[in-house]
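Protein chains in written order, with UniProt numbering: chain B, 1 to 532; chain R, 1 to 532.
It is worth saying that the hints were derived from the structure and are not from the lab. Relax, there's no trap hidden among the hints.
One copy or two, either will do: identical chains are not told apart, so a pair holds if it fits within one copy or between any two.
The calculated PhoX-like cross-link candidates involving lysine-lysine, where the alpha carbons are at most 20 Å apart (straight line), are: (1) K461 with K66; (2) K461 with K28; (3) K66 with K458; (4) K28 with K66; (5) K350 with K362; (6) K342 with K386; (7) K306 with K45.
Since the structure is predicted, the reported quantities are computational estimates derived from the model, not experimental observations.
There are 2 protein chains.
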Amino acid sequence: MDVFSREDNSNTLRVLVATDCHLGYMEKDEVRRHDSFLAFEEICKIADEKQVDLVLLGGDLFHENKPSRTTLVKAIEILRRHCLNDRPVQFQVVSDQTVNFANLFGHVNYEDPHFNIGLPVFSIHGNHDDPAGVDNLSAIDILSACNLVNYFGKMILEGSGVGQITLYPILMKKGSTNVALYGLGNIRDERLNRMFQTPHAVQWMRPEVQEGCEVSDWFNILVLHQNRVKTNPKNAINEHFLPRFLDFIVWGHEHECLVDPQEVPGMGFHITQPGSSVATSLIDGESKPKHVLLLEIKGNQYRPTKIPLTSVRPFEYTEIVLKEETDIDPNDQNSILEHLDKVVSNLIDKSRRNATSRSELKLPLVRVKVDYSGFMTINPQRFGQKYVGKVANPQDILIFSKASKKGRNESVISDAERLRPEELNQQNIEALVAESNLKMEILPVNDLDVALHNFVNKDDKMAFYTCVQHNIQETRSKLAKDTDGAKFEEDDLILKVGECLEARKLYKFYNLYTDRVGIVKLSMMFSLCFCE
Amino acid sequence: MDVFSREDNSNTLRVLVATDCHLGYMEKDEVRRHDSFLAFEEICKIADEKQVDLVLLGGDLFHENKPSRTTLVKAIEILRRHCLNDRPVQFQVVSDQTVNFANLFGHVNYEDPHFNIGLPVFSIHGNHDDPAGVDNLSAIDILSACNLVNYFGKMILEGSGVGQITLYPILMKKGSTNVALYGLGNIRDERLNRMFQTPHAVQWMRPEVQEGCEVSDWFNILVLHQNRVKTNPKNAINEHFLPRFLDFIVWGHEHECLVDPQEVPGMGFHITQPGSSVATSLIDGESKPKHVLLLEIKGNQYRPTKIPLTSVRPFEYTEIVLKEETDIDPNDQNSILEHLDKVVSNLIDKSRRNATSRSELKLPLVRVKVDYSGFMTINPQRFGQKYVGKVANPQDILIFSKASKKGRNESVISDAERLRPEELNQQNIEALVAESNLKMEILPVNDLDVALHNFVNKDDKMAFYTCVQHNIQETRSKLAKDTDGAKFEEDDLILKVGECLEARKLYKFYNLYTDRVGIVKLSMMFSLCFCE
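Take these sequences, add in the hints, and give me the full structure.
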């Protein structure tokens, strides 16, 4: 602590840490379209004011894998206005920059002699803006090509099977302070999880020990973008997987702001989870005040200072259990409505009371989670109509749930789990299959869901084909194993099923989904048929 | 001519003129994916070598309204490598830059103190990269936000009815030479045509006359991107619509290279039509050698120098009439195949003979237009199989046509007309309606076609709704006029038809097409139903 007391910045690397800005979130919504940009703008302003050496982002800078023109233009404008200035950059990148920054130019942006970069931004990708397509490009690659962001942590998967990745740190020096910054852009949790449990699958390159120095002269930071919640261990990254030589972890992806660094017992490092700068799901965790972190590093010590984001739209959240409320008559729907109106009005009032100077003019987000066990639900859209102009989300103020058998607390956690941000914005195949009573006996619904997501959002034209190939392969090898190498007639049968599937159903799929125009036309023709 | 003989550049504005680079064209094609980028790179290299003051582009820099990440990244990389350097820019923009360049920064890119721009690029938009969406943004706005391109000629439509536009020139001064550069980004031909024929609908702002100077001290250039072919006058812009004070026109959109400036009799100006730098349709006009123009302006005089593009993929085109060939037996399909093989082989040989050093390694594009009157067609895909690895377009070497009654020459023109580049890449509604025998009695097929195009390519979610509203409105006003204000029962009937249409058929449309994910899912469900 004491090392920071002197007003000497020449040996202190000052980093502004933020994550999950989700630029472009709700860009079509009349009320909320600017929210993500205002928050990012505020983050950049804080960086200006605090005169930090760099900004470090933990992924999901963009909400969409293929951001709209509007979102790209706004993102570029914000970065250009804040990153380009005459302030000298006071740290050096001493590692092999062509390895750290895998773009055509191969150097950190402020070293390009043709740009006046005064505020360098470093970012990994998240699951929303992960690399995709033939050229494996992320939307962040566009910002990197314009020299506005230093995009790092894009992994090259080597080897076969579970594969192997190697993390090469960006080595930064400011005076006597040495920082090794490791970036790990989002990898599907199940896969990364398996890699962490496979010996040598994740390689951490360490800075060379210079003469007279020890390795411990480097302060080691990791920034990653993965699930951290521990309820389903396969689907999240365990903090204990990470190597003990690390000193500090920036955890992206989790939207709840837990910005104060927490020590992980026995591991020797601390973790900050800054949380998103814009609420993308109206759950309890997102209603907590949003912060970014000013991280000051001097030698082996660091000082964290949390800074509130004041431009963020106010968000009030509460939960009620109808049968615990005494003023409700189960047989009188009006009494339910009256009670809910009271709850919502109180939240709006609360939001006004809490308002800071900048955010007070904004309509608040309001969410009431209603346990309606023993009652009827009411129509949330209709309920919200009278709150148009009073709250930012009149259409979905209310969400109904039933208490699970496990009791209320556990139900809340599993609900938050289910409501992970990336699953909120679109219906999935599962719901469609359920709605339409389709029998999906060969292709697993989950795989199809992933394939659809990759096809639509990531332009992966082979998504369905891959999904099918994978399933056929799996069926074949499973059968081969079950029959212990011997060939049964059954084997032929399954192969036939697979081939038949491939040839008939999936060929159709693939042809259909490789042409979006074709899809629109197809749907149009169907709808015309139905209209006749 | 003589004024250019002295080696004095200080009073000569040197402009490299190119157009229709269609970046991203065929980006999924294994053979041709790099073509558009290589040609654009060559254009930039020529600009470097010739040390021009600026590059002027005539629209359709991008092929897609929403370019892929790959195309954006490559475009940015090329521009960044060529536009950023230490060469001083030697001309000044003296007009109101906030009017000329309608981005957030409002100045010409080389005046931004944080960028070392040595080669300024100026571009209007074409019909492929025209502004769209809520914020009316073009893909070129992304390049403008990064400060790599000076995007101008985005018109603001004022007034009602046919509307009004005002062209504010970019006023450039280099020594004693004054250039007024007018930009007119693509507007739908029919609309612009009507505007040109409406008094005062198109306003041309002229530079103020300075003391001791006359207006004629300005050399007036217009760059536009419209149809120029005159067979359908409503659907093209007549050169005689343009004001006589102009000195020089750069005509984009037309892909045939007619780069040598042609005088328009009685108008006092010359027109250059540089043509596309990449062939996007395999018609005769695109097979001619591609060039760009070096335009040197000194005072009121200019000197044009055409420069060939050597990186362009060779393209050989010919037309044959089967019944004029003596070695073909109409009853022997093999004799047809043999003849066509000979023709194609000759074209491949011709391409090799013509090969320049750089392009000789490239597989050529080959197109044979076959008048098959009195013969049967053959399958072009099957025919092309043996040319895989020998030509760049094995799948569509042959195109079959029948001589029209008007005779061969006219048929060729109308064919070229029909094969306008922007209509080649996708089937239209018309074809779909014809194929499926749908009866479209209320909505005109053409309108629906435009709506589909706008919905798919320009993200105009209101496209179908607007199309319907427009048609209902038109029906109503037509009826009101026909009945001369009196109300008939018929009137109610038609209104009812309109409302019914709106409520039933089109509401469905609108809901369907506002959600692409929905479309994919819908189609998927349909295909599942059909597979069952």
